[in-house]
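> Listed below are the residues making up each chain.
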Amino acid sequence: MIDLSHAAAPALAAFLASTVEFVEAATVVLAVGGVRGWRDTLAGAAAAVGLLALLTAVLGPALTLVPLRVLQVAVGVLLLLFGLRWLRKAILRAAGVLALHDENAAYAKERDEMLKLGGRGAGFDGIAFGAAFHICMIEGTEVVFIVIAVSAGGAGLLLPASLGAAVALVMVTALGFVLHRPMARVPENTLKFIVGVILSSFGAFWLGEGIGVAWPAQDLSIPAMIVGFGLISLATVPICRARGVKAAAVRA
Amino acid sequence: MTGWIVDIAEEIWGLFFDDLGLAIAALVWVALVWLGARWLGPAAGPALFAGLALILVTSALRRAGQR
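Those sequence lines, one after another, are chains Z and S. Heads up: the first sequence runs through residues 6 to 257, numbered per our numbering. Heads up: the second sequence runs through residues -2 to 64, numbered per our numbering.
Keep in mind that the hints were calculated from the coordinates and are not lab data. Any given hint could be a false lead.
Stated by the list, open to error - Among the chain S residues that face chain Z by a calculated CB cut under 7 angstroms, a handful are: (1) V3; (2) A6; (3) E7; (4) L12; (5) F13; (6) D15; (7) L49; (8) L58; (9) G62.
Predicted, not measured: the structure shown is a model, and the values here were computed from it. Every residue gets a Cβ at the ideal spot worked out from N, C-alpha and C, and that includes glycine.
Generate coordinates for the entire structure from the input sequences, incorporating the hints supplied.
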């Protein structure tokens, strides 16, 4: 039986990361559905979600067959690279070096593309189905990876991580139905920053465990690293901002 | 069919290797800590964390300087 303190971090990481991915998918689904109709768009999204749920159900338990050390190293490497990448991008976006992701612009672009493709007949709309299936598979695959990766550190973590992603899916879907426009006010970069910190910390810990590193405070090293990565990243933002401004001035 | 499979494969590759320099530096540091874990003893964990944090900061600062 897994206790709440061990289940909370994977569930939270899966929820936050999945929210970011589902918001991006919802933007495209809303644009496609608004132009080409909802029936086949929602069918495409539902087909992708069903396929991804099946993948998680098959791959998740299959990981228990892999020796723990091998799993810790493999998942640790993937989590670390994924977390550091998100964290680096979030730092650079917070510093103004990279542009923030704009859901309204993504929505307008997708809508324009759908309008260019012209009208639809009364029958099955393959374009609407395909576009919704495609984006939901792409963003959903990332969610599946995150759910499996954050739950690979211990037995019984797949359920809380899956629940975190499922809550994010229900929340974003409900908001999409209510708002009928992109969720541009979701603080995507802040979410990416937090998830990057959590995943980098989990990745470093499991990787360390896998290669035989002794952590000074065992499991408590994870929250310590979360604080460490968080503070260091926050401190890096103004330095990057100043460096970016200086570099831009030199080029001007 | 193959189009979206390629898209998904590219997306998954991009999840980890968006910045190849950051990924390689992190993996090299992990390998070094692994090789020196016996010599580092209880300092291996903190050394792993400190190196990764330094690599992250250096990578972000380098990219900011290229703006």
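> None of the hints should be skipped; say for each whether it holds.
Status of each hint after checking the structure:
1. Proximity of V3/S to chain Z is violated relative to the hint, the smallest CB-CB distance being about 11 angstroms (cut-off 7 angstroms).
2. For A6/S, the suggested interface contact is broken, since its CB lies about 9 angstroms from the closest CB of chain Z, more than 7 angstroms.
3. The criterion of a C-beta within 7 angstroms of any C-beta in chain Z is not met by E7/S, whose closest approach is roughly 9 angstroms, and the hint is violated.
4. About 5 angstroms separates the beta-carbon of L12/S from the nearest beta-carbon of chain Z, less than 7 angstroms, and the hint is met.
5. Of the supplied interface hints, the one on F13/S holds, with its beta-carbon coming within about 4 angstroms of a beta-carbon of chain Z, less than 7 angstroms.
6. For the restraint placing D15/S at the interface with chain Z, the shortest Cβ-Cβ distance is roughly 5 angstroms, inside the 7 angstroms limit, so the hint holds.
7. The beta carbon of L49/S is positioned within 7 angstroms of a beta carbon in chain Z (closest approach about 6 angstroms), and the interface hint is therefore held.
8. At its closest, the beta carbon of L58/S sits 6 angstroms from a beta carbon of chain Z; the interface hint therefore holds under the 7 angstroms criterion.
9. Because the closest C-beta pair between G62/S and chain Z is about 5 angstroms apart, less than 7 angstroms, the hint holds.
Checked against the numbered hints above, the structure violates hints 1, 2 and 3; every other hint is satisfied.
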